[in-house]
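Chemist: Residue numbers for the sequence shown follow full-length UniProt numbering, beginning at 1 and rising by one.
Do not rely on the hints blindly, as some may be mistaken.
Here are the simulated distance ranges between beta carbons [unchecked claim]: (1) Arg3 x Ser23: 27 to 33 Å; (2) Pro30 x Arg3: 38 to 44 Å; (3) Cys11 x Ala31: 39 to 45 Å.
These are calculated hints, taken from the structure and not from any lab test. Yeah, the Cβ is synthetic: ideal placement off N, Cα and C, and Gly gets one too.
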Amino acid sequence: MDRVSLANSHCMDRISLANGTVSIIHIVRPALA
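Work out the full structure: start from the sequences and follow the hints.
Modeler: Structure representation (structure tokens):
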């Protein structure tokens, strides 16, 4: 795997992780409120 695709997949991992965290927050926050 070349460097660019490696960096892109790493970036996508970070983005999907951030999206997952946001969706978890949206689920948990109403329950806590």
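Chemist: With reference to the structure, classify each hint as holding or not holding.
Modeler: Here is what the structure says about each hint:
no.: 1; hint: Arg3 x Ser23: 27 to 33 Å; verdict: holds, 30 Å
no.: 2; hint: Pro30 x Arg3: 38 to 44 Å; verdict: holds, 42 Å
no.: 3; hint: Cys11 x Ala31: 39 to 45 Å; verdict: violated, 31 Å
Going down the numbered hints, you'll see the structure goes against just number 3.
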